[in-house]
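Fit chain H to the supplied structure of chain L, relying on the hints for placement.
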Amino acid sequence: MRTDRIVRCLRCVSAIAVLMTARAASGQASKGLDSATAAAIAPIVEQARDEKLPVAPLYAKAREGQVQRVPVVKIEAAVRTLADRMRAANEALAPDASEQELHAAADAIKSGVPAETLRAMRKAGGDGSLAVPIGVLTQLIARGVPVERASMEVVALLQKGAVARNFIALEESVRQDVLAGRRPDESLDLRLKGIIPNLPQAANADATGLSASSPKRPR
Amino acid sequence: MHDINEERDELIGRIVSELRTLPTVPADATARVLARVDAARESERPGRFSRRLIISLPAAIGYALAATLAGFLIRGAVPRRPEATVAEVPIPPVAGTLGAGTKIVPATANRRALQEAPVTVQFVLDAPRAKSVMVVGDFNAWDGSRTPLERDSTTGVWSALVDVHPGRHVYAFLVDGKTWMLDPRAPRTKDLDYGTQQSVLMVGLP
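First to last, the sequence lines map onto chains L and H.
The opening residue of the first sequence carries number 1 in the numbering used here; numbering runs sequentially from there.
The opening residue of the second sequence carries number 1001 in the numbering used here; numbering runs sequentially from there.
Only chain L is shown next, with the shape it has when bound in the complex (with noise of 0.2 Å):
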């Protein structure tokens, strides 16, 4: 009896405790927003807390607006908006996508990366981080590599056994180029040529053409 009820009262002191945790964490991620933009994206947030979903992009998202003066209903718009990114980036990476993999796949998909690009990725990088190779594919596109070739490349990439630093190299040299007056796509053949040779499975990459733009290896 007398253990029955030490029982109950731990349970309840566990689940105020539990409570109180994620209150306090829920009231640092909204820190900072005004009531009426608290209020506007609520029901999002717990909507994305449900899913599993990481909820402290969606306050950044907010408070990005916050910053910037944007009117709470357009606030509200880009927070829903980036919920559903980040619910098909979860998809795509299933099944265990980190926050820095999520926030990388979601803005690729502002980008316009098709969600079976990032399937693709997952694929071919094995257990490693895809935040960088996500985060260059965005930037090249950004630079003006269209969507379909930049997807290509990156994946392709990626099954030949690049890693970040290749990536940022690829994205540094295509910078410099464009700003010497070359035109992306351009730079992004140049500079592959010079990346490819040296990457692990390039020869078998190659044997089993994944690559469209593969240049052969010199013999």
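Hints were generated in silico from the structure; no laboratory data involved.
Computed from a prediction, not measured in an experiment: that's the story for all the values here.
Treat the hints loosely; a few may be bogus.
[What the hints assert, rightly or not] Here are some chain H residues pointing at chain L (derived, C-beta under 8 Å):
1) 1028
2) 1112
3) 1115
4) 1124
5) 1125
6) 1141
7) 1192
Beta carbons: idealized from backbone N, C-alpha and C, even for Gly.
Just chain H, lined up with the frame of chain L:
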């Protein structure tokens, strides 16, 4: 010969019949034996408290929650062992920023977590007449109060070191609490949600 076999079978039959018949036991003897068995079982029981733990699932859940809560409560009071490290990783310069410092990477992290370990990035803005400068971006949840820049009194250059995860990030400077300013050292992009220009930061691995 036949007679001998018949006699033997009859004898065996009688023996089996005798063995199958249980001896009569006095009623008080049975009661005494059962009492002894009960006493022996009682002495082997680990006690009421632990028996309840074994048979009661809700109680077990309650104890687990209580242990978790106790862990949360005493976590801050118990000195934590320093985390093992694999390396002090030098931080390379990043586009639009100046590299600085080193970052300790936890050895216990798995491959993906290791690849996503934050890198220290330096943000720099020449704004000699500004009274305050903050950097706001997706890496600090657009909360400028988290990342104020410090002014070098001799050069008038504002700078701050920020831990940023590898990947693509967007940001801007907030000058004097209200003026949105892009980083002149970094590439720019247009945000499709709010339609504003933002600076782009690509962060690689340490």
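* **Unsatisfied constraints (hint numbers, rising)** => Those not satisfied are hints 1, 4, 5.
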